[in-house]
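Trainee: Residue-level listing of the chains:
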Amino acid sequence: MTLSVTFGYVGLFFDDIFILFLICFVLLVNWLFSKNHHLNNLKSISLIMAANVETVLFSLGTYTARIIFFMVNNDWKLRILEELQQNFIITSLIINIIYLAIFLLFAEKNREKTIKLWIQIEQYHLGKRVFSISFSVFLAFMVILSISDFQSVTATIQAIILSFFTIILIVTYRQLVFFVQTIAIQKESQEEILYNKQLNEYLTSVHQQYTELRKFKHDFQNIMLSMKPIVDKSDSVELKNYYRDILKEQTELSKISEGNISQINTINSDTIRGLIIQKFFIAKSKKIEFNLELTQDSYYFKQDTLIIVRILGILLDNAFEYVQTINDKEVTCAIVQSNNTTEITIDNPIKQDLDFKKIFKNGYTTKENHSGFGLANVRQLITESDNLYLETKIIHNHLMMTLIIVGGD
Amino acid sequence: MFPVYLLEDNSIQRQKYAEFIKNGILINDADLELKSITGTVEDFTADYIPQKQGLYFLDMEIQDNKLAGLNVAEKIRQDSPLAQIVFITTHDELSLTTLERKIAPMDYILKDKGLEEIKQSITNDIELMQKNLQLYSHSSKDILDYKIGSLFFSIAMNDVIMLYTQKNNPGRIFIVTKNQLSEFNGSLNTFEKDYPNLFRCNRSYLVNLENSTTYDCHSRVLSFIDGSSCEVSFRKNKELTKIFSNKKN
Chain A
472 MTLSVTFGYV
482 GLFFDDIFIL
492 FLICFVLLVN
502 WLFSKNHHLN
512 NLKSISLIMA
522 ANVETVLFSL
532 GTYTARIIFF
542 MVNNDWKLRI
552 LEELQQNFII
562 TSLIINIIYL
572 AIFLLFAEKN
582 REKTIKLWIQ
592 IEQYHLGKRV
602 FSISFSVFLA
612 FMVILSISDF
622 QSVTATIQAI
632 ILSFFTIILI
642 VTYRQLVFFV
652 QTIAIQKESQ
662 EEILYNKQLN
672 EYLTSVHQQY
682 TELRKFKHDF
692 QNIMLSMKPI
702 VDKSDSVELK
712 NYYRDILKEQ
722 TELSKISEGN
732 ISQINTINSD
742 TIRGLIIQKF
752 FIAKSKKIEF
762 NLELTQDSYY
772 FKQDTLIIVR
782 ILGILLDNAF
792 EYVQTINDKE
802 VTCAIVQSNN
812 TTEITIDNPI
822 KQDLDFKKIF
832 KNGYTTKENH
842 SGFGLANVRQ
852 LITESDNLYL
862 ETKIIHNHLM
872 MTLIIVGGD
Chain B
5 MFPVYLLEDN
15 SIQRQKYAEF
25 IKNGILINDA
35 DLELKSITGT
45 VEDFTADYIP
55 QKQGLYFLDM
65 EIQDNKLAGL
75 NVAEKIRQDS
85 PLAQIVFITT
95 HDELSLTTLE
105 RKIAPMDYIL
115 KDKGLEEIKQ
125 SITNDIELMQ
135 KNLQLYSHSS
145 KDILDYKIGS
155 LFFSIAMNDV
165 IMLYTQKNNP
175 GRIFIVTKNQ
185 LSEFNGSLNT
195 FEKDYPNLFR
205 CNRSYLVNLE
215 NSTTYDCHSR
225 VLSFIDGSSC
235 EVSFRKNKEL
245 TKIFSNKKN
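Protein chains in written order, with my numbering: chain A, 472 to 880; chain B, 5 to 253.
Any given hint could be a false lead.
With a straight-line Cα cutoff of 27 Å, these simulated DSSO-like cross-link-like pairs (lysine-lysine) come out [claimed, not checked]:
| # | chain 1 | residue 1 | chain 2 | residue 2 |
| --- | --- | --- | --- | --- |
| 1 | A | 864 | B | 151 |
| 2 | A | 758 | A | 773 |
| 3 | B | 26 | B | 197 |
| 4 | A | 773 | B | 251 |
| 5 | B | 106 | A | 864 |
| 6 | B | 56 | B | 123 |
| 7 | B | 20 | A | 719 |
| 8 | B | 115 | A | 800 |
| 9 | A | 580 | A | 514 |
| 10 | A | 822 | B | 197 |
| 11 | B | 197 | A | 699 |
| 12 | B | 151 | B | 171 |
| 13 | A | 800 | B | 135 |
| 14 | A | 688 | A | 800 |
| 15 | B | 39 | B | 135 |
| 16 | B | 251 | B | 197 |
| 17 | A | 719 | B | 151 |
| 18 | A | 711 | B | 117 |
| 19 | B | 151 | B | 197 |
| 20 | A | 688 | B | 70 |
By construction, these hints were calculated from the structure, which means they are not laboratory data.
These numbers come from a predicted model, not from an experiment.
Turn these sequences into a full structure, and let the hints guide you.
Mentor: The following block contains the structure:
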């Protein structure tokens, strides 16, 4: 940037075309000295954009200075400028710097966006395209300036051409930003689809393993049962002890039939399934036992899935947060669906001494609930939609929060 | 006398449990009678007469049908919302949270825990049942019903603390009971008419005075057993003061 600004001032004393040559020269040097004769796209783009911006600002500065001089002398003739050449150059430089400062302030304000844009350009290999667009804009600009110089077009017409060109320049840059963002969104969604595919494959394989394990467990139980009479008849104490030990193992084995993430495919909604999978992994990383009770073959969610996801997210987070403070780190999510009515229950154990009345107070004092502002948000979301209902229940030392969804056709 | 049912397909276990139940009734001097001991769903259905109150001990898996007990329980729950259901089952047959939503059983007794513990649990459940029976016997209208979508909910009147509405949520009633807070669509006027035992203490509150603790007639604040409270309208103050002074005498 500073480089181009310096050259910008030098250019003041030469012709406009000088800048074009300069930029091309810099690019050429860059290209010759870089490895494999490869242009550094980002640097080139910055250079060209800076040159573009500076040329526009400089022209604007010059014209503003001219207008000021005309108005001060109340005489609209170019001759004045020649008479006061020294003053005029200084004034136009000062105005140029002011414009530059304003531009830099503006750029500084949008720094984060710009950085994000750069990262996107780099990430999605859009450098060449952006470079060619900005370079052709710059080239066109230069050509117009030079031709108007050679042909000695009147200042008024040049001013009009310049201001239109400035507008076109702004629009082009805006379009460029939009283009980059669109590409970024497209790429991101492509990546997400790939990720989902991988996840689904993973889940299918987990499901297969799980089914095999279940089958094995079933066989194992049958074998144990059929062995029992033989063991009973036998006199060997050792055998009996051994049998009892294996029986103990069996209770360990029985744990595998508990809620399993592999049943997640019974949920038809991508967003809800995604949320549950995400929370499943979070629970795993926090060493929370997260059980899923999906006993039906399929669950259909037609509407409101975004609101449902938000509510479920909060309820699950609350449950995770709470069980981390107690020994029994267990959270269950059960879904029961029948006749267009769906019940999603989040269940976690609560300590006996928890003052559960406080949770309910949320309903009519709005002051308190057991884990901060989350429940208030849930309340808000439910109030906003007609077909959602929340039930909070404490039973057998478990807190069960059930979201009831009525609807569909 | 209220009936007790036992459904268990294993004959040895069935005998044992029947014995425990009879003992439990004796120990608690409960107003209960072991009316039916069956081993198959068909036999159970033949014996079964729907009744408002009853205690049911059910095995979950009957003759290789893993859901037999659950189906029976769903039928019982439909017929009588107040029936007390106890599952006697092995641990891995359970989806506890789902079961809680569908049946809301009084207890789960795990078979793997051993006979002594099963016996203790059965005795405890009978004791709890006896207590419940005493509580419900003096309520005029003993169940409050409401509906969400296609689901019917029943709450024992004894558990109801209050129903209320909120200005920002018209048409929706919130219900507070001893252990839950729920919501459904309806109008308080209908409930006031249908359940005359409930007291309308202001425009948006319908309360169960049986679960109230104190009333301050100067600040007009009515308090309840769960620590909650509500304001009583000026108009209803006199009426409520009268009820409370009668209650004391």
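Trainee: Assess, step by step, whether the Cα of residue 580 of chain A is no farther than 27 Å from the Cα of residue 514 of chain A, and give holds or violated.
Mentor: holds (21 Å)
Trainee: Is the hinted pair residue 20 of chain B and residue 719 of chain A satisfied, with a Cα-Cα distance of at most 27 Å?
Mentor: Holds. Residue 20 of chain B to residue 719 of chain A sits at ~24 Å (cutoff 27 Å).
Trainee: Would you check the hint for residue 719 of chain A and residue 151 of chain B, treating anything up to 27 Å between C-alpha atoms as holding?
Mentor: violated (46 Å)
Trainee: Please work out if residue 773 of chain A and residue 251 of chain B have their alpha carbons no farther apart than 27 Å.
Mentor: Violated - the C-alpha atoms of residue 251 of chain B and residue 773 of chain A are around 53 Å apart, more than 27 Å.
Trainee: Can you confirm whether the C-alpha distance between residue 800 of chain A and residue 135 of chain B stays at or below 27 Å?
Mentor: violated (33 Å)
Trainee: Starting from residue 106 of chain B, check that the Cα of residue 864 of chain A is at most 27 Å away, please.
Mentor: Given that 27 Å is the threshold and the Cα spacing comes to 14 Å, the pair holds.
Trainee: Holds or violated: residue 197 of chain B with residue 699 of chain A, Cα cutoff 27 Å?
Mentor: Given that 27 Å is the threshold and the Cα spacing comes to 63 Å, the pair is violated.
Trainee: Is the Cα-Cα distance between residue 56 of chain B and residue 123 of chain B 27 Å or less?
Mentor: Distance ~26 Å between residue 56 of chain B and residue 123 of chain B Cα, so the pair holds.
Trainee: Checking one constraint from the list: CA of residue 758 of chain A to CA of residue 773 of chain A, max 27 Å. Satisfied?
Mentor: Violated. Residue 758 of chain A to residue 773 of chain A sits at ~33 Å, over the 27 Å cutoff.
Trainee: Is the straight-line distance between the alpha-carbon of residue 39 of chain B and that of residue 135 of chain B 27 Å or less?
Mentor: Given pair residue 39 of chain B, residue 135 of chain B holds - Cα atoms ~20 Å apart, limit 27 Å.
Trainee: When you check the alpha-carbon spacing of residue 688 of chain A and residue 800 of chain A, does it fall within 27 Å?
Mentor: Within the cut-off at roughly 26 Å; holds.
Trainee: Between the alpha carbons of residue 864 of chain A and residue 151 of chain B, is the straight-line distance 27 Å or under?
Mentor: holds (17 Å)
In summary, the structure is inconsistent with hints 2, 3, 4, 10, 11, 13 and 17 from the numbered list given earlier, while agreeing with the others.
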